[in-house]
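For the protein sequence lines, the chains are A, B and C, in the order given.
Residue numbers for the first sequence follow this note's numbering, so the first one is 1 and each next one is one higher.
Residue numbers for the second sequence follow this note's numbering, so the first one is 1 and each next one is one higher.
Residue numbers for the third sequence follow this note's numbering, so the first one is 1 and each next one is one higher.
Please note: incorrect hints may appear among the correct ones.
Unchecked claim - Cut-off 27 angstroms, straight-line C-alpha distance, at most; resulting in silico cross-link-like pairs (DSSO-like, lysine-lysine):
1) C:39 to B:134
2) B:55 to B:134
3) C:193 to C:213
4) C:333 to C:213
5) B:3 to A:148
6) C:333 to B:741
7) B:745 to C:301
8) C:333 to C:309
9) B:55 to C:39
10) B:494 to B:173
11) B:494 to B:569
12) A:148 to B:741
13) B:741 to C:39
14) B:173 to B:265
15) A:126 to C:39
16) C:312 to B:745
17) B:745 to B:624
18) C:193 to B:56
19) A:126 to C:53
20) B:229 to A:148
21) B:139 to B:376
22) B:24 to A:148
23) B:494 to B:6
24) B:569 to B:624
25) A:148 to B:99
26) A:126 to B:24
27) A:148 to B:496
28) B:406 to B:695
29) B:99 to B:265
30) C:309 to B:745
31) B:229 to B:207
32) B:695 to A:148
33) B:139 to B:99
34) B:745 to C:333
35) B:24 to C:39
36) C:312 to B:741
37) C:309 to B:741
38) C:213 to C:197
Calculated from the structure, these hints are not laboratory results.
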Amino acid sequence: MTDKQHPDESADNSGASRRDFLKQSSIMAAFAMTPPAAVTAVEKGLHETIATRFEQMSLRVTINGTAQQLNIEPRVTLLDLLREQLNLTGTKKGCDHGQCGACTVHVDGTRVNACLTLAMTTEGCKVTTIEGLADGDRLHPMQEAFIKHDGFQCGYCTPGQIMSAVACIREGHADNPDEIREYMSGNICRCGAYSNIVDAIMDVKQGGQKV
Amino acid sequence: MTKDTKNPPIDRVDGRMKVTGGAKYFAEFTMPSMTYCVIVSSDIAKGSIASIDTKKAENAPGVVGVFTHQNMPAIPGWDAPAQGNGNGPPPGPPSGGEKYRILHTKEILFDGQPIAMVVADTFERATYAASLVKATYTKQTARTDLTKHLADGVTPKGERAADYVRGTADGYKTAPVTLEANYTIPIEVHNPMEMHGILAHWEGDDKLMIYAKTQGVKATQRAMAQAFKINPDNIRVHTEFMGGGFGMALRTWPQETAVVAISRKIGRPVKLVMTRSQMFTLVGHRPRTVQTINMGADTNGKLVGIAHAATGETASYEDFTEGTVNMTKFMYDCPNVSTRYKIVPLDRGVPIWMRGPGEATGAFALESAMDEMAHKLNLDPIEFRLRNYTETDPEHNRPYSDKNLKEAYQRGADAIGWNKRSNQPSSNRDGEWLIGYGMSSGTFNASRGQATARAILNADGSLTVQCGVTDIGPGSGTAMAMIAHNVLGVPVDKIKVEYGDTSLPNAPMQGGSTITSTVGSAVYDVCTTVKNTLADMATKSGSPLANSKANDLTLADGMLYLEADRSKKVAVADLMRSNNLPAIDKTQQSKGGSEGEKYSMYSFSVHFVQVRVHPVTGVVRVSKAVSVADSGRIVSPNTAASQMIGGVAGGIGMALTEEAVIDHRFGRYINNNLADYHVATSADVPHTETIVIDKPDPYINPMGAKGMGEIALIGFAAAVSNAVFNATGQRIRDLPITPDKVMQKLV
Amino acid sequence: MNPFQFTRVTTPKAAISAVTKESGTYFLAGGTNLIDLMKREVIVPERLVDINKLPLATIEKTSTGLRIGAMAKNSTVAEHELVKKNFPLLSQALNAGASAQLRNMATVGGNMMQRTRCSYFYDNSMPCNKRSPVQAGPDKGQPNGPNGCGAIGGYNRMHAIFGTSEKCIAVHPSDMCIALVALDATVNVSGPKGDRKIPFADFHRLPGDAPQKDNTLQPGELIMSIDLPMNDFAKNSHYLKVRDRASYAFALVSVGVGVDMKGKTIQNVRLAMGGVAHKPWRLTEAEQFLTGKPATEDNFKQAAMLAMKGAKGYGENDFKLTLAPNSIVEALKIATTTA
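Looking at chain A on its own, in the form it has when it is part of the complex (with noise of 0.2 angstroms):
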C-alpha cells in the first residue's frame, strides 16, 4: 500500500496523506495540488495507469467476516463497491439518491443506505449484506419468513427489505404492525408487497428467534 494514498490524517498535518506517493513520482509534483489531478493528468499527456494510481486510496474493510484490503477511489460508493467490484449484487441500486432503501446493508450493526455511503467512510467497519444473512445453507429467520408470506413479488427489493426487517427488529421498533410499517417506509416496493411484509416481520418477532 506504499504506492496509495492513505487518508489518515494527524492533526495539523492534512497534507501529509499523498507524500509517500508523490516521492515516488516526481512527475506529478507539478500539478499535485491540483484537485480533479488524474483528469489534469490525462491533458497533459500522462499515462493513464499513472492518474488511475493517483485517484485510488487504500481501505480496509471487513465485508460478511472476511476483511478485505482494498484501493479504491474515494467517489466510490459502498453500494457500487460491492456491486461492481466485489460481486455482491443482492445489495441492490433502486434510485442511488438514498430514496428507496434497496441498498440497505448494515454497517457496524446499522442499517444505512449503501448507495449515499462513501466506502472510504467505513474504514475499519463491519458490513453486512444479504449475503452474509444466512448461517451457510440455512436460512435466516426472516428470509424465511419472507418466502413464507410471500413478501416479494419481482424480488429487487427484497434484500434491502429484509437487511431493513431485520434491522426493525433489532432496533426495537417492531412491536405491531404500525410501527413496522412506519419504520419500514424507507424500504419502497413498487410491486407493493408491504401487507406481507409486514406479516413477515410480525411473525418472526413473535416467533422470538434470534435476528
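With chain A fixed as given, assemble chains B and C onto it according to the hints.
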C-alpha cells in the same frame, strides 16, 4: 387434478434465490473488459443542439468512447429503406412508426432525450466523463401541457380507437337524472425498483449476447435481429430475473439498441444502467388524460345513457394509444353508449402502457361517475350497479364466458363491513377524523395467445419445464410448476422451471395479464402429451396396465394408477426403464381455438376501501382495503394474492400520491426522483384482505384460469375517491387526492 | 461524481485546518445530503474532509440542560432516554424525518447543514440563485447553471410563504431544526478564529440577496455541539407534520409545539413551523399572545392568525396560507390535551 379442484398455496419457486441475493438481474452479470455506458440527457424539451463539446469527456481517465449524433455507429436495420420511406424503419414499436432516432440528428424532440452516450472502463469514470459533455441549444417553445392543447386532439388510426356508438350517442340527455363530470389523471411513471438498461456483448461478428430488462426476451431478440440484420438464432437474450416492469419494458427502447451498436463499434461488452431520473424520460409513462363522462339514469336507477370522452397525450414522433374508454362499452346494461378517444401529440417522450393500462384510467372516470350517479339517485352504489348488471356483453351481443361479479360484490361488502357505511356522506366520525367507505369495479380482457413449452420427465421422477417467457414478478414460474404438477403429479419440489432466455421455447411478452392463460396452457398441453406417452406405454399389451384406457389413468407421486382401482399401478421410473427411455422430452406449441369469438372473456375485480380523512389538514389514509378477484381458477393462490395486494398498493399511490409534474415553461419534470414522486410506502398501505372467487372459466383454457395483474389495479383509485366523498361529501375528480386539495374543499 | 481528494481527520482542530486551507473543501459527515448533491453535480467539491471519526458524538447532561454532540446520529438522539424524557419534541421531530436508514447515517450537525429540496436548486439546467449566485466569487459560491429563481412563477407547491425574497423562495427541509429552534437551542461552533455560540434562531438565515448562504457560519467553522436548556414542555409537546404520503416525505407544513400548562392555562409556550420559510420559523408573536391564556380553540385560532401575519403565497403554495394556521391550531390542541 382438474380445473374443478382448487389449488393449494405453494411457495414461490424462485423465493430462495430472491431472499438470499442469489437472483441475478441484468446489471449483475459481468464480463471480461466490460465497459460502462452513461447517457447524457438533453436539458431542453424542444429545439436543436447548437454545439456539443465532447473533448474533455474523451480525454477523461478511462474513457473508451463518446458517442453523439456526429459519430454514432450505424444501426443497419434502421438505415435500410422500408415501404418507400427513406428514413428507415424503427425497431418495431408496438403502436406505429417511429420517427425519433437516437443520436441521429441534432434535433431535440423531448426533455431528457439522449444527446451523448459515454463509455468508460468504470461506472464512476463514465459518470464523471458524462458530466464533462457540454452542449448548447437553439431552443424552441415546447408544447408539453395537455390541458392547453386539448383542441389538438386527433382520433388515432385503427378500428380499436374509433368512435363507438350504441343506441343514440347522446341518449343520456333524455334521462330524468343526468350528470356531467370531468376527471383527470396526471402523468404517472412506472418506476419499477430496478432501473432500466442493458448489457450487450458481441461474441463474434454476428453473434450477440444480451442481458436485458425486458418483458419479452423473444421480442428483444427479434428487435435486435432486425436492427442489426443478423439471424435471430445468433442472438441470445437472457432475463431470468427482472426487477419489475409494469409495462415499461414492453418494447425495446432506442437506448438499448444504441448500446448494442456501441458495443459492436468498440469491440467490448457495454453495460448501461440508467439513472432514476432517466426512468422518467426514456422508458415511457402513463399519459396524462382528461375525461368527460355524461351519464343519464331514470328514477328507478336504470341507466339510460353514458357518453365517455377521453383525451390523452402522446409524443410528437409516435402515436401511443390505449383502451381508456373500453370498459364503458360493455360493463353495464345501458341502451345508449358512446365513446370517443383522442390523443394530442406533445413535445414529450412517448408514453407506454402502465399496469392496467388505459382501463385503469378509464375506470377511474366511469366508476367515479357511477358513484356520483348513485348518490344523485340516493341509491347504495352496489345496488345501483346491480340494477344495471348484465349477464351478456352488450358491446358484442354475446355471453360472457364466465362472470361472477354479483358474488364478488357480496363477498367484498361483507369483508369490509359495508353495512357500517351510511349513504349520507360526512356522517361517520371518529374524533376529528371522518370515516368513509367506497367501492368500485374493474375489468380487463382475458385471452389466450400462442406459446410453446417443453417438458422433460426424467426416469428419477424429476421434471423440467421450459418456456422462454419472462417472469417480471407475478410468479409465472410458480404457476408453471403448479400446472405441471397438476397434470403429471410430480411433486413441486421435483419440478425445475426454466424461463427468461431465448434458448427456451417461444413465448409472448409478459403483459396484458395473459401469461398464465397462454404459457400455462402450453405447459398444460405439453405435460398432457408426456402423460399420454406414459399412458400409451403403460397400456400396451404386456404392460402392467394393458387394456386400460389412457383417460382412466391418474399420475401421482411418480406412479401411474388406474383411477378406478388404485391397486393397479406402475411406477413411472419402471415404465421408462422397461421402454429404455432415460427421459420423455416433448416440445409442443399451444394456442386457443375459436372460443374467443363465441364468448366475451373478461376478468373482473371489485375493490372496497375504508378511508380516514382529517379535515383540518386534508390528510387521507386508507385504513382498510379489500380486493375481490373474479379471474377464473386460481393456479397459484400465494402469488395471485400478492398481485392483488400489489394492486392495492399501486392503487393507493394512483389515488393519493403519484404525480409526475412538469414545469411547462421548460418542458421538464421537476420531481423526477423517488423522494418527490411519491410511490406509496409501507406506512401508506393498510393490511389488505384478498378474496378470490376461484371458479374456473369453462372456455378460456384447460385450467380455467384468467389474468390477475391488471384487474388488481383497475378501478382501485375510484374506490378511494368514492370513499373520500363518502367521508367528506366532497368529490375530487383530479388525481392524486393530496392534502391540499382535500383541505381546501373542506375549509 | 467528480474526482476529489479525500482526507480523514480525528480532531476538530485538524478538521478546521483542513477545510480552511483550500477553497472547495467540504466536511463530510453522514453524507446523506452532500453525496446526493455531488451525484447531481449541484455541489462539486475539490476536497472532502471526513469528520466521521471526530469525538463529537456524545450526549450528556449539563448543569443547564443537555449537550448533544454534532456528530451524534439522528437515530441515536431520537432514541436517547434523556431526549425522550426531557425533550420529546426533538425525538418526535427527528423520527418524522427521512427514513430509519437515513437517520442512522445523518448527524445533528449535518442535519442543520442540509440544503433545500427545491427542485430548481437540484436541477443544474434550471434557474436558481442559491445554486448559482448572481455575484459569484470567493465566499459567494461558484456559478453552476443559470441564475434566477425557477420557483417564482413555476412549481412552488413546496415553497416558502414567510421571509422570502425576489431571489429565493426555497424552504429549509429539516424537521429536527424545527424542534431545536422551538426549544431555544444554542449552537456551539469552533473555527479558525476560535469558539463561539450561536442562538439556534440565528443559525439559519433568510435568503435576502444572498440565497446561496443558508446559515451564518463563517468559513472554516465546524459545528461542535448543541446545548438545550431545561424546560417544562416535556408533558405537552407535539410535532405535527403534514405531508403527501404517510412517511418518508418532506413536510408541506410542520408545527412543533411545547407547552407548559398550569391547569388549563398556558404558562409558557414554544411554537415553530417547518416547510414555510428559508429557515426554521419561530412563531414568537403567537407565543406571546398565548402566554397566560387558557388553552382554548379560540385562543389557538387567534394565535394562528397572529402567526400568519406577513405570509404570502406564490400560487401553487397558496394552500399553505390555510394549511399553516390549521396545523398550528391542530398541533396546539394535541399538545395541550396530552397532559
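Notebook entry, point to check: For this structure, which hints from the list above don't hold up?
Noted result: 4, 10, 12, 13, 14, 18, 20, 21, 24, 25
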